[in-house]
Every structure is written in C-alpha cells, then in structure tokens.
Amino acid sequence: MGKKWFTTNTITLTFAVLGLIIFLFIIVPLIKMIIASDPKILLDTLLDPEVNGAIWLSLYAAIIATAVGFVLGVPLAYLLARVEFPGKQLVEGLIDVPIVVPHTAAGIALLFVFGRDFFAGKAFHFMGIDFVDSAAGIVIAMLFVSVPFLINSAKEGFRKVDVRLEKVSRTLGASPWQAFFRISLPLAWRSILAGSIMMWARGISEFGAVIILAYHPMVAPILILERFETYGLAYSQPVAALLIIICLFVFITLRTIAYRGVKI
Amino acid sequence: MIQIKNLCVGLGDFLLQDINLSVAEGEYFIILGPTGAGKTVLLESIAGLYPAKSGEIWLRGKEVTQLEPEKRSISIVYQDHALFPHLSVKDNIVFGLKLRKRTRQETEAALDWVAKLLGISHLLERKPNTLSGGERQKVALARALSIKPQVLLLDEPLSTLDPETREGVQKELRQLHNRLKVTTIHVTHDFEEAIALGDHIAVLGKGCIKQVGTPEQIFHQPNSEFVARFAMARNIFAGEVIDRGDGNTIFYTEDAELVVVTDLRGRLHASVRPEDILISPEPLHSSARNSFCGTITHIVDRGSTLYLTVNLPPDFICLVTRRSFEEMGLAVERKVHIIFKASAVHIF
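If you're matching them up, the sequences are chains A and P in order. Each residue of the first sequence is one higher than the last, beginning at 733 in the numbering used here. Each residue of the second sequence is one higher than the last, beginning at 2 in the numbering used here.
Treat the hints with care, as some may be off.
As the list claims (entries may be wrong) - Simulated restraints, written as ranges between beta carbons of each label pair:
1. P:H87 to A:K854: 43 to 51 Å
2. P:C9 to A:R814: 18 to 26 Å
3. A:I758 to P:H87: 33 to 41 Å
4. P:R105 to A:I795: 38 to 46 Å
5. A:D894 to P:Q218: 49 to 57 Å
6. P:G37 to A:R814: 21 to 29 Å
7. P:E107 to A:F981: 48 to 56 Å
8. A:V800 to P:R105: 34 to 42 Å
9. A:V800 to P:C9: 52 to 60 Å
10. A:G825 to P:E26: 49 to 57 Å
If you are wondering where the hints come from, they were derived from the structure by calculation, not from laboratory data. Just so it is clear, CB atoms sit at the ideal spot from N, CA and C, and this is done for glycine as well.
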C-alpha cells in the first residue's frame with residue numbers, strides 16, 4: 733500500500749532538491765558551530781561562572797515565563813476553542829501580534845507599562861518586584877514574546893477534542909470543572925505540552941525584548957553579543973555553541989517525551 | 002415520566018419550536034425525522050446540554066428545565082459513541098460511578114453487572130480505538146446504563162453500523178429494553194427502525210413535531226404530507242412469519258400471505274419497496290413468488306413516475322413510469338395484477 737518513497741517523477745525530484753537546500757541551510761551552520769568547537773574550550777567555557785550563570789538564568793527565567801503562560805494562557809486557549817463571543821477573531825489576531833512585531837519594539841512597549849514611572853510598574857514596585865534590570869523583567873519579556881506559541885497550540889489541542897465527549901461526561905455526572913480536568917485537559921495535553929516546549933525554547937532564545945528591559949543580569953544571548961562585540965568571533969563562538977547544544981538536547985528530549993507512542 | 006411543554010430552543014438561527022411531548026415510564030419512544038430536523042438538539046435539550054429558550058421540561062413530576070445535566074441522571078449514547086479515547090473500556094464504564102463516589106465494591110458490582118449484561122467482560126482492559134463498531138456501541142451503552150439513568154437517550158445508534166451488525170444490534174436494543182424497562186428515547190431517520198422498535202413515534206420536521214402516535218397510526222393515518230412522505234415510500238405490514246409445510250416461509254398479515262426469505266420468525270414487520278413491484282393488466286407467469294390481483298383505488302402523479310394504490314386488500318403502493326402507465330391504460334377502478342419476488346420483501 734502507498735507509493736515507495738523514492739518514486740522518481742520530476743515533481744518529487746525537484747521538490748526534494750529544493751527541500752534539501754533549505755534543510756542544509758538550517759542544519760549546516762549549527763553542525764559547523766558544534767564540530768568547530770574544541771571540547772576543552774567548551775568545557776572551560778561552561779565552567780566560566782559568567783557563562784554558566786547566564787545559561788542558568790536563561791533556562792530558569794524561561795521556565796518561570798512558561799509556567800505563568802501556562803496558568804494564564806491555557807484557560808484563554810480553552811475559551812477560544814469552545815466559546816463564541818463578539819470580537820473573538822480580533823482577540824485571536826491580537827494574540828499573534830507579539831510574534832510579528834520587532835522584539836525590541838515589544839521591549840519598549842513593555843517598559844512603558846512595567847517601568848517604574850508607570851502604573852503597573854509602580855503597583856509591582858510596592859510588592860517589591862521591579863522589572864528593569866532584574867530577573868522579573870527578563871521573565872515578562874520572555875512571556876510577552878513567547879506565550880502566543882503556547883496559546884495557539886493549546887487552542888488547537890482543545891479544538892480537536894470532540895465537544896460531545898464533554899457533553900457525555902456531563903450527563904454521567906461531571907461538573908463543568910470535572911469535565912475540563914478529566915476529559916478536555918488530558919485529551920489536549922499533548923498539544924499543550926508541545927506548545928509549552930515551544931514557548932520555553934522561544935523564551936531561552938529571546939534577545940530583543942530582554943535587552944531593552946534587562947541588560948543585566950545577563951542572559952545567554954546577551955552574553956554572546958557582549959563577547960562578540962568586546963572580544964570578537966573566537967570568544968563568542970564557544971558560548972554560542974554551548975547554548976545551541978543545550979537547547980538542542982533539551983528540545984529533542986522533551987519532544988521525544990511529548991510524542992512518545994504517537995505516530996506522527 | 003418526561004413531559005415537554007411548549008419547548009423552544011434557539012441555536013444560532015435554528016430553532017426547536019413549540020415542542021410538546023409526553024413519554025411514559027418504561028416506554029421505548031422514537032423521534033423520527035430527516036437529517037437537519039433538530040433531532041439531536043431535542044435530545045440534548047432533554048439532557049440539559051442545550052439551554053431552553055422557553056417552555057418546560059418535567060422529569061418524574063419535577064421541573065428540570067434549568068437543572069444542570071449532571072443532576073438529571075439522563076444518559077446519552079451518541080451516533081459515533083463518543084467513548085473517552087484516553088481511558089480503557091473499564092474506565093469509560095466506571096466514569097459516572099466514580100463521580101458518584103460509590104464504594105469500591107459498589108463500583109465493581111455495577112461494572113460487573115453491566116459488562117455481563119452487554120457481553121463485553123472480555124473487553125474491559127482494551128482502549129476504545131481497538132474496538133469494532135459494534136463493540137464500541139456496547140461499551141457506550143454500558144457506560145450510559147452504569148449509572149442506572151432515569152432516561153436513556155440514543156442518538157441514531159444504528160446508523161454507523163454495517164447492515165449485518167445493525168439487524169443484530171436492533172434486536173439487542175429491544176431485548177435490553179424488555180429486560181431493563183428503562184425509559185428510552187431513540188432518535189432515527191429510518192422509518193423501518195422506528196416501526197420495529199418504537200412503542201410510540203414522534204415525527205419531527207424542521208424543528209416542529211408533526212405527529213405523535215403508535216407505529217400503526219403513523220403509517221396508516223399520517224396527518225400531513227410530510228409524515229406521509231416517510232410512510233408512503235414503503236409498504237409496511239405488521240404480521241407473523243411462519244414456516245409453511247411446503248418449504249416456503251410465509252408472512253401472514255390480516256388479509257394476505259406473502260412468500261418471504263428470512264431466518265427470522267415470530268411477530269414482525271414486512272416491507273416492500275414500491276419500485277420492486279411489477280404491475281400487469283393480465284396474470285403474468287414469472288419466477289416471482291408473490292402474485293396478487295387487486296383494484297387501483299388511488300393515483301398520485303409525480304410527473305415522470307406515478308404512485309398507484311392497489312387494494313387487494315391490504316393496500317399496496319406501487320411505482321410505475323409514466324410510459325408504462327399510459328401503455329397499459331391504467332386508471333382508478335381498473336383491476337391489475339401485482340407481482341414481486343420473495344426476496345423483495347424485507348422482514349424486520
């Protein structure tokens with residue numbers, strides 16, 4: 733059943749060649765960067781407190797951003813998948829805006845709300861949280877630019893859950909909360925997890941919005957820029973390679989877990 | 002048992018209008034209607050899954066119009082069964098029991114009872130996606146019955162099954178109902194299914210109830226063109242299937258004996274499609290086993306085809322093309338012969 737994958741007709745062949753070019757374009761710089769690195773230098777770089785501090789900060793700030801995005805974004809995703817309300821398309825469109833605006837502009841916009849001179853910034857200041865040049869600033873910058881990935885993925889996940897499954901559960905005695913936690917959430921779980929992984933990965937890689945809110949403490953992408961500008965390519969390369977290796981490792985591991993037992 | 006008074010339901014711009022129904026305790030009630038008539042919306046309104054715009058729903062003497070579905074104890078089985086794909090068959094069945102915080106023993110006992118009732122004890126550890134259509138149906142029924150519902154709602158339960166499975170499941174539904182006597186409301190677009198299963202039938206069209214009655218009333222005295230269209234498409238008779246000594250299987254109605262081909266026996270229904278009946282002005286020698294003489298009493302002109310009512314008795318509705326009709330010079334009061342094969346009679 734089905735065609736053999738190597739069936740040669742001109743369209744398959746042409747598309748394969750074009751596809752190969754873009755695939756190599758993506759993969760070659762990454763591989764080159766990794767294999768060009770001297771393992772000794774990589775290890776030294778990892779032990780450099782400034783470097784591993786920056787990498788840890790990137791990882792855990794992105795985890796906190798993802799956690800906040802999960803708690804606030806998954807309910808919104810469920811509403812968008814299930815409830816019709818006026819202006820819904822507008823809301824769905826606006827959620828994608830952080831993806832399309834320049835991230836430096838996003839950072840400046842955030843500064844206008846969470847800076848010390850502005851309402852939200854002042855309110856949080858009284859609670860002891862400042863967003864400028866702080867880990868909290870890094871978290872909201874990451875949250876802003878990466879939460880659309882989680883919301884969209886979770887929304888698609890909930891949409892794929894047949895609404896009649898929830899209805900049946902209601903007739904069997906489930907409250908709306910029980911129907912959500914026992915039926916909809918478990919069934920959309922894979923999409924939510926995939927969205928969370930995307931959000932987290934996008935958060936780690938965020939540069940533009942973070943540099944506006946918090947140059948210090950320094951996350952890994954900013955450290956790479958600083959080393960590049962101050963010392964040149966040779967010194968920024970190991971940090972960059974390290975970050976790519978760590979991201980790839982974590983990303984592949986999580987994806988493997990998320991798609992375990994699923995035929996894609 | 003269930004009383005629906007002047008129920009109106011809005012769903013976008015579609016409506017159920019002024020629905021009045023009364024279903025007795027222990028009854029097998031059929032809602033019959035074409036696709037898009039609002040049958041599923043009506044079922045979901047009864048279950049509390051659609052809010053009523055106006056009107057009332059009463060359940061065992063209590064008004065439940067505004068009551069949440071989880072407090073009604075009305076189970077529903079959907080057309081595609083809607084089994085929870087992430088749960089095993091067992092966890093699907095005990096879903097409602099767990100929510101009711103029954104003790105372990107009570108849950109186990111109820112699971113055991115319902116699994117044996119439907120003959121699915123061997124499937125309990127399986128996941129829904131590994132089951133056949135018939136098996137899924139039984140699991141969905143088991144899940145619905147596990148909570149001992151006040152009412153069982155069935156949404157086109159037979160329409161996704163292949164014809165062989167279907168006949169069996171239809172019989173099982175009837176037997177199950179005879180055993181449990183749970184009040185059942187069954188929605189279908191299939192007239193024969195409605196006749197075979199229903200104690201009473203309500204015909205639904207475009208969001209309104211067109212007629213309510215016993216199967217006999219619906220097919221002998223349709224009160225409107227809409228209802229008649231369902232019934233007229235077929236010749237349906239109630240009677241009994243018996244083996245006659247000569248090796249033929251005979252369907253006896255009050256007035257006629259039809260030779261049939263079936264493995265079923267007992268009190269059943271027979272139907273003959275109008276287009277399967279041959280009409281001839283003279284007696285015809287053919288291999289067809291059923292040949293009768295009768296009088297044309299009524300003619301309905303549909304353009305290129307005509308429906309003739311031929312009284313033997315009983316009345317048979319036959320379809321002829323205009324060309325045949327004119328060639329034979331047929332008219333009301335003419336005597337004609339009607340002929341059809343034993344295999345053209347569907348027993349159900």
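Between C9 of chain P and R814 of chain A, is the Cβ distance one that fits in 18 to 26 Å? Roughly 24 Å apart at Cβ, these two residues keep to the hinted range, so it holds.
Outcome of range test on Cβ distance (V800 of chain A, C9 of chain P; 52 to 60 Å): Distance hint for V800 of chain A, C9 of chain P is violated at roughly 45 Å.
Tell me if the beta carbons of E107 of chain P and F981 of chain A are separated by a distance inside 48 to 56 Å. holds (50 Å)
May I ask you to test the hint 43 to 51 Å on the CB atoms belonging to H87 of chain P and K854 of chain A? Holds, at about 46 Å.
Do R105 of chain P and I795 of chain A keep their Cβ atoms within the hinted range of 38 to 46 Å? holds (39 Å)
Tell me if the beta carbons of D894 of chain A and Q218 of chain P are separated by a distance inside 49 to 57 Å. About 37 Å separates the Cβ atoms of D894 of chain A and Q218 of chain P, which means 49 to 57 Å is violated.
Given a hinted range of 33 to 41 Å, is it respected by the beta-carbon distance of I758 of chain A and H87 of chain P? holds (35 Å)
Between G825 of chain A and E26 of chain P, does the beta-carbon spacing fit 49 to 57 Å? holds (53 Å)
Take a look at whether the Cβ-Cβ distance between V800 of chain A and R105 of chain P falls inside 34 to 42 Å. Once the Cβ atoms are compared, 40 Å apart, the range 34 to 42 Å for R105 of chain P and V800 of chain A holds.
Between the beta carbons of G37 of chain P and R814 of chain A, is the distance compatible with 21 to 29 Å? Since the Cβ atoms of G37 of chain P and R814 of chain A sit about 23 Å apart, the hinted range of 21 to 29 Å holds.
Checked against the numbered hints given earlier, the structure breaks hints 5, 9 and satisfies all the rest.
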